[in-house]
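Trainee: Next come the chains, spelled out residue by residue.
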Amino acid sequence: METYGKIFVVVTVLAIILVGIFVYLFFIDRKIGKLEKEIKEKESHKQQ
Amino acid sequence: MIKQYWWKLLSFLLLLYAVTYGFYVSIPETMILQTMRNLFYHVGMWFGMFTMLIVSFIFSLRYLKGFREENDRVAIEAVNVALMFGFLGIFTGMTWANFTWGAPWVKDPKLNGAAVGIVVYLAYIILRSSVEDRHKRAKVSAVYNIFAFVLWIIFVLILPRLAGDSLHPATGNNSTPVMPMHLDPSMRTVFYPAMIGWILLGTWILQVRIRVSKLRHIIEEN
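So the protein sequences, as listed, match chains U and R.
Just so you know, we're using our numbering here: the first sequence kicks off at 1 and counts up by one.
Just so you know, we're using our numbering here: the second sequence kicks off at 1001 and counts up by one.
It is worth saying that the hints were derived from the structure and are not from the lab.
A few of these clues could be false.
Derived pair list, reagent style DSSO-like, types lysine-lysine, alpha-carbon separation capped at 30 Å [claimed, not checked]: (1) Lys1008/R <-> Lys40/U; (2) Lys1003/R <-> Lys40/U; (3) Lys31/U <-> Lys1214/R; (4) Lys1214/R <-> Lys34/U; (5) Lys1136/R <-> Lys40/U; (6) Lys1214/R <-> Lys46/U; (7) Lys1003/R <-> Lys42/U; (8) Lys1139/R <-> Lys1214/R; (9) Lys1008/R <-> Lys34/U.
DEER-style ranges, computed between Cβ atoms [what the hints assert, rightly or not]: (10) Leu35/U <-> Pro1028/R: 45 to 55 Å; (11) His1135/R <-> Ile7/U: 46 to 56 Å; (12) Val13/U <-> Val1150/R: 33 to 43 Å.
Note that beta-carbon positions come from the ideal geometry of N, C-alpha and C, so glycine has one too.
Could you build the full structure based on these sequences and the hints that come with them?
Mentor: Okay, structure coming up:
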């Protein structure tokens, strides 16, 4: 691993970015899920 | 929760593995040195793009069978995600080429093929935006999409192979052993998981886009 000279710092940065992007995508996903629920409820209210 | 998210979590774990272990796995000694590791990331963009194009193609065919709007929605959103991957593929490829081939853009059939392939799909987007009527737009673009897919296969997968002197591996007489089937075994342990990870990430983005598009449709109807 000597030849890699501190590459783990770069790897850690990349890992953090990746975690960040996925967490972000997860929250967007959940937000849309909530919207879907809201609209569904509104639709069912209308039908009643 | 788990039922909904397991493949998204899998995508995350596979890509986390790819961007960490991808830097430590032993790679064969070649002229391109450490940049060989780009294979895990750059090639992933093309796997992602191709998967999205296959999805789009299938849903365009399905649209033409019953003219159901959901199918058209998947087709367009899949092309949008495919284009994202395509541009990332081009830009990462240019970065890599700058080192390995000495310039960001070289005379290479695969490069030019990929560029034409992307233009073909940009035309799809433009075609869609130029037809006002919703049903007409869906029909016309579904037919075009089938042509576009065939063109893409020809320009990116067939012609570079026939061209004979591509710089890309496993095309023409370039027999650099970096295609998956004769990839170094240790590299394979990262390559395949990485490709699945990229494809799943694309699928996730596609799902999000389709859901947003559906919501927009519901709001517009009311």
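Trainee: Let me make sure I understand: some of the numbered hints might not hold for this structure. Which ones are they, in numerical order?
Mentor: Going through the list in order, the structure violates no hint and respects every one.
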